[in-house]
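Number of protein chains: 2
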Amino acid sequence: MAMTDRTGDTSVSGSAGRFDQARFLRACRREPVDCTPVWFMRQAGRYMPEYRALRVHHSLLDLCQQPDLAAEVTLQPVRALGVDAAILFADILLPLIPMGAQLQFAAGEGPVIANPVRTDQDIMALRPVEVYESLAPVLQAVSLVRRELDGRTPLIGFAGAPFTLASYLIEGGGSRTYLHTKQLMYASPVAWHALMRKLARVVADYLVAQVKAGAQAVQLFDSWVGALSPDDYREYVFPYSRTVLSEVTATGVPVIHFGTDTATLLPAMAEAGGTVMGMDWRIPLGEGWKLVGTNKAVQGNLDPMVLLAPKDELARHVQRVLAQARGRPGHIFNTGHGLLPETPVDNVRTVVELVHELSERPMK
Amino acid sequence: MAMTDRTGDTSVSGSAGRFDQARFLRACRREPVDCTPVWFMRQAGRYMPEYRALRVHHSLLDLCQQPDLAAEVTLQPVRALGVDAAILFADILLPLIPMGAQLQFAAGEGPVIANPVRTDQDIMALRPVEVYESLAPVLQAVSLVRRELDGRTPLIGFAGAPFTLASYLIEGGGSRTYLHTKQLMYASPVAWHALMRKLARVVADYLVAQVKAGAQAVQLFDSWVGALSPDDYREYVFPYSRTVLSEVTATGVPVIHFGTDTATLLPAMAEAGGTVMGMDWRIPLGEGWKLVGTNKAVQGNLDPMVLLAPKDELARHVQRVLAQARGRPGHIFNTGHGLLPETPVDNVRTVVELVHELSERPMK
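So the protein lines, in turn, are chains G and U.
Mapping of the first sequence onto the numbering used here: position 135 corresponds to residue 136, and the numbering continues sequentially without gaps.
Mapping of the second sequence onto the numbering used here: position 328 corresponds to residue 329, and the numbering continues sequentially without gaps.
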């Protein structure tokens, strides 16, 4: 599909650039498209040889904090795969550093926060963040990518949602049980709400700043919120996600609201906000769409493990996801969670082609 | 409630002993009860000082494989907590040892299988299991506990379901992504189905043998099945769970079918079988009950993390779970997953009392 230059606007900031007819952005707005747009969570990363080559000389934090490197990594999958959107290369935990978290990426073990937040004092000590100063490299990367793409492919910014960030801060890294997070939530609700208020402030400012720097859509990653019951979600998370989502939605760009394991949370998450609701492979996309309401677009939801399967199996699963969304505009194809380092690049390329071919439809 | 001796039968084997009027068994059959029965997954374990005292001198496998020790550990929570059912102390991975798995419990790291099953050859090499020989210590423990309890408290036997056992065998331990499991499933479906057939045979035989040894109910733990989409569950898991569940249901005892993260799998799991459907805290119990059908009993579903909360918070959450099941017989109170080692014993006792008090009702 050739992009239509409708406005002649050459500004790189703001949402409504001259290329807002890209099929990704049209699908976010539930407008008809020539074929289903597709991108992947963690589409830039270790599974790509170009990325691994850069990592030989640079740490993960280097790549995130040097705008030219972050821009380069962001563009790698756009060049290699033909995806319909770029997503900024960054880590959801970056905003925690200026708040005071001592963040490191231990080799093979994921993020570690050496000073986990567990007490009232810890929470009071978290600093407010002036995002334009403290997160300037990320915002510069957004502008660089936007200029480089020159409207050919829309750029998605993103941030971790307050709950997911809180869980890393409190656990000091990843977790299977969220023991400390839930202990703080249940035993010290005042402290919990104070922490969530602080995080919501930073996340909202950070996303709005990304839009001002040129992001044409943003995704809020509440990756681990599926650890909660719907009642706990309503009580401990909903107000903060809603604040973030409403502030960033007010900028006018589409907002994708994503979590995993959210089958029973989707109605509340949709109420909290989001133009597009992301969901994982556990939820048949059609059922999920009913739960969030057909006034939302949906994003998903191939099991990322399927990308390690043989091609005929890949095709069968892609077909199945597309069938769930057939006949209604507003579907963005994606995996239900991030791509794995073990994923063959060729399979990712195959999925892009399959999605485009199998969903092709005449434009009126 | 005083148990009513209705039949005078003093046999310790078979399902319909003289104490089948225990409120746990009545609830499994959806008969009215004086108050809601309660037990906990992993109610025997590290959170109890009596258990830790035994572990000083015995490994986990020792405790499982010496019938007198397994019986003693099984009885500890019955004495200490006043729960309405005992559950055999054992590990779901025990049947994998006679199949050929080199199983060890690494300190603090959970189970490790030194020879994971990844190829056709690995699967062909798995041995069939003569459960009455190879798992005799477990069956002896069942009979010992049954005799010791003398009908005061019903005894639940259990086994891991084929999918969950397959995931441990293939990954060589626990997993967050089930990468190897799904790779085998998608890339080598013939091998996958052969493995599941072997596992279903062993699991069905093992559960039936536990019933013959005296278990008055059994639970099938498909703890990790929530990693799958409903379509994949139907294709790769359903036939094997159904075989197991139908064989053990034919013995006449109530069968509890449990998994976590199963919000979208519940209808298919209920179709696969089970007298009682277990579910975790992510699913409001009332909604889950609708999904499985009101001709099933339900078990659950307090977040085990709530047991680490202050008492008033505990009461609020217990109340909330009970409210979801109010007005319909057939609810067995439990946590949505196993108790954690960090759980205060006193809180567990409090939950038992709260459940009984808050659900008390006059018997007709």
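No lab work stands behind these hints: they were computed from the structure.
A couple of the hints might just be wrong.
Chain copies aren't distinguished; within one or between two, either way the pair holds.
Derived lysine to any residue pairs resembling SDA-like cross-links, with alpha carbons at most 25 Å apart [unchecked claim]:
(1) K213 <-> L95
(2) K312 <-> P231
(3) K291 <-> G175
(4) K312 <-> L180
(5) K312 <-> T178
(6) K312 <-> H194
Quick caveat: nothing in here was measured; it's all calculated off a predicted structure.
Hint check results:
1. Taking identical chains as interchangeable, the C-alpha atoms of K213 and L95 lie at most 25 Å apart only when both belong to the same chain, with a minimum of 18 Å there against 58 Å between chains.
2. In this assembly of identical chains, K312 and P231 lie within 25 Å of each other by CA distance solely across copies; the values are 21 Å between and 38 Å within a copy.
3. Within a single copy, K291 and G175 get their C-alpha atoms no closer than 32 Å, and across copies no closer than 34 Å, so neither meets the 25 Å cut-off.
4. With identical chains, the CA atoms of K312 and L180 are at most 25 Å apart between copies only, with a shortest distance of 17 Å across copies and 40 Å within one.
5. Taking identical chains as interchangeable, the C-alpha atoms of K312 and T178 lie at most 25 Å apart only when they sit on different chains, with a minimum of 21 Å there against 35 Å within one chain.
6. Taking CA atoms no more than 25 Å apart as the test, K312 paired with H194 passes between copies only; the shortest distance there is 20 Å, against 47 Å inside one copy.
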